[in-house]
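Asks: Now for the letters of each chain:
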Amino acid sequence: MNETFKACRVQCRVIAALLMREVITRYGRHNIGFMWLFAEPMLFTLGVTALWSLIGTVHDSALPIVAFAVTGYSSVLLWRNMPAKLVCSIEPNLALMYHRNVKIIDIFLSRLLLEAAGATISFIVLSVIWIALGMMKLPQDVLKVLLGWFMLAWFGSALAIFLGALSGRSELVDKFWHPASYILFPLSGAAYMVDWLPKSAQEAVLWLPMVHGVELLRDGYFGSAVKTHYDVPYMAVCCLILTVLGLSQVRVVSRLVTPE
Amino acid sequence: MRGGPHTVLDNLSFTIQRGDKIGVLGRNGAGKSTLIRILSGAEQPTSGTIQRGMSLSWPLAFGGAFQGSLTGLDNLKFICRIYGVPYEDKISYVQDFSELGKYLREPVKTYSSGMRARLAFAISMAIEFDCFLIDEIISVGDVRFHAKCQHELFELRRDRGFIIVSHEAHNIREHCTKACVLHKGKLHEFADIDAAYSFYQEATA
Numbered sequence: 056m057n058e059t060f061k062a063c064r065v066q067c068r069v070i071a072a073l074l075m076r077e078v079i080t081r082y083g084r085h086n087i088g089f090m091w092l093f094a095e096p097m098l099f100t101l102g103v104t105a106l107w108s109l110i111g112t113v114h115d116s117a118l119p120i121v122a123f124a125v126t127g128y129s130s131v132l133l134w135r136n137m138p139a140k141l142v143c144s145i146e147p148n149l150a151l152m153y154h155r156n157v158k159i160i161d162i163f164l165s166r167l168l169l170e171a172a173g174a175t176i177s178f179i180v181l182s183v184i185w186i187a188l189g190m191m192k193l194p195q196d197v198l199k200v201l202l203g204w205f206m207l208a209w210f211g212s213a214l215a216i217f218l219g220a221l222s223g224r225s226e227l228v229d230k231f232w233h234p235a236s237y238i239l240f241p242l243s244g245a246a247y248m249v250d251w252l253p254k255s256a257q258e259a260v261l262w263l264p265m266v267h268g269v270e271l272l273r274d275g276y277f278g279s280a281v282k283t284h285y286d287v288p289y290m291a292v293c294c295l296i297l298t299v300l301g302l303s304q305v306r307v308v309s310r311l312v313t314p315e
Numbered sequence: 011m012r013g014g015p016h017t018v019l020d021n022l023s024f025t026i027q028r029g030d031k032i033g034v035l036g037r038n039g040a041g042k043s044t045l046i047r048i049l050s051g052a053e054q055p056t057s058g059t060i061q062r063g064m065s066l067s068w069p070l071a072f073g074g075a076f077q078g079s080l081t082g083l084d085n086l087k088f089i090c091r092i093y094g095v096p097y098e099d100k101i102s103y104v105q106d107f108s109e110l111g112k113y114l115r116e117p118v119k120t121y122s123s124g125m126r127a128r129l130a131f132a133i134s135m136a137i138e139f140d141c142f143l144i145d146e147i148i149s150v151g152d153v154r155f156h157a158k159c160q161h162e163l164f165e166l167r168r169d170r171g172f173i174i175v176s177h178e179a180h181n182i183r184e185h186c187t188k189a190c191v192l193h194k195g196k197l198h199e200f201a202d203i204d205a206a207y208s209f210y211q212e213a214t215a
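Listed in order, the protein sequences are those of chains A and B. Basically this note's numbering = 1-based index in the first sequence + 55. Basically this note's numbering = 1-based index in the second sequence + 10.
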């Protein structure tokens, strides 16, 4: 037990060191520095909000467009940025793995923590600003919102670890993920509510785990104003399978990697 | 590899005691760097285990261990954090030892290979490992730097162990108590440096 604690402490230390190094490398010490971590997702979300408001709600629903955009696009940012950052992240970090304590899983976890922090802070700050300005109402059920956010973060992390580990073995993963992530964005539930789709389309789209997460989040936010379709156990099982696959692939790729 | 699997190290097994000073000889491509990397944990063996009862440095070699876009000082902080050692009191030591001057605050990618090697040396001394793994960089630096290395590594830290890979005979003769030769995937240990050298010369003739 003692050994596990010691190992845990070492790993936390390494992840913290990698996190700080990642922040300095990515954001530098110039202008607003690490605040870009959440400023960038905020800019994206604001842009999408403006775009969707200008286009006018495609579906004549009573849902306020700002809240719709913030809940939808922040969710996509959360689960989509994680794989993007982990795929092909092993090679640029090869020099660091010269140090015994730095392992691939540490590099992955530090990047995931950073992405999660950025997306979460952006979501919270934007919500607070819009709520203060009166353009958004307070969420009806904060716990559901939190659960939805957590499930989306879990999904994004598990997918990211799986794809990141695979990308260490083959460059094809990167080539396939780029188009796949573009196609998944409109399908992922950010821009629509499942209820708006015809029945057969509903069943099809509910095969995608992240749709459940977004629906759960919106159920928590809009509450009685919308009809939502989601299945938390289904999403949990998908996340679990992805997690197991991902972690096992990390073990495989750790043996194959030679530091520079 | 293209021609099929290539065995670099074939069923090696040995023990290193605290304070052992070992030189490793071998032809180019014999597997000396691979051995050092596996010992340090930077690379995983295909099979087998390594038990470490003392702290080992990372392989001190040309290349590796640093992030080029960060400054020397940032790399020092990062490496200290990884090994759980406070860095504040190490900064002046590293600056003196490596003789980098104002380059310490410049990105490592602007360094020459000699500067990188000196920085790596300086940081590993600051972290005070029990055993240093030195892969061919001991000859780096000018006469003054060699004198510093002599003093810091071989005198002040003479109770520590090290494993040196070097082609320079005098380095191994002067500092090591034992020598090994890596030949055809096997490790041959010798208690006498001259015996090791004659075996090395015969085997590679």
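Just so you know, the hints here were simulated from the structure itself, not pulled from any lab data. Wrong hints could be hidden among the right ones.
Pairs of lysine-lysine residues, derived as BS3-like cross-links and limited to a Cα-Cα distance of at most 27 Å, are as follows [stated by the list, open to error]:
hint: 1; chain 1: A; residue 1: K140; chain 2: A; residue 2: K192
hint: 2; chain 1: B; residue 1: K188; chain 2: B; residue 2: K119
hint: 3; chain 1: A; residue 1: K230; chain 2: A; residue 2: K158
hint: 4; chain 1: A; residue 1: K158; chain 2: B; residue 2: K188
hint: 5; chain 1: B; residue 1: K119; chain 2: A; residue 2: K140
hint: 6; chain 1: B; residue 1: K188; chain 2: B; residue 2: K158
Asks: Would you mind marking each hint as holding or not holding in the structure?
Replies: Now for the hints, and whether the structure bears them out:
At most 27 Å may separate the alpha-carbon atoms for a hinted pair to count; A:K140 and A:K192 exceed this at roughly 33 Å. Of the supplied pair hints, the one linking B:K188 and B:K119 is violated, its CA atoms being roughly 36 Å apart against a limit of 27 Å. Pair hint A:K230 plus A:K158 holds up; C-alpha atoms about 25 Å apart against a cutoff of 27 Å. Taking the CA atoms of A:K158 and B:K188, the gap is about 32 Å. The hint is violated against a cut of 27 Å.
Using a Cα cut-off of 27 Å, the hinted pair B:K119 and A:K140 holds, with the two alpha carbons roughly 23 Å apart. For the hint linking B:K188 to B:K158, the alpha-carbon distance of about 23 Å falls within 27 Å, and the restraint holds.
In summary, the numbered hints that this structure violates are 1, 2, 4.
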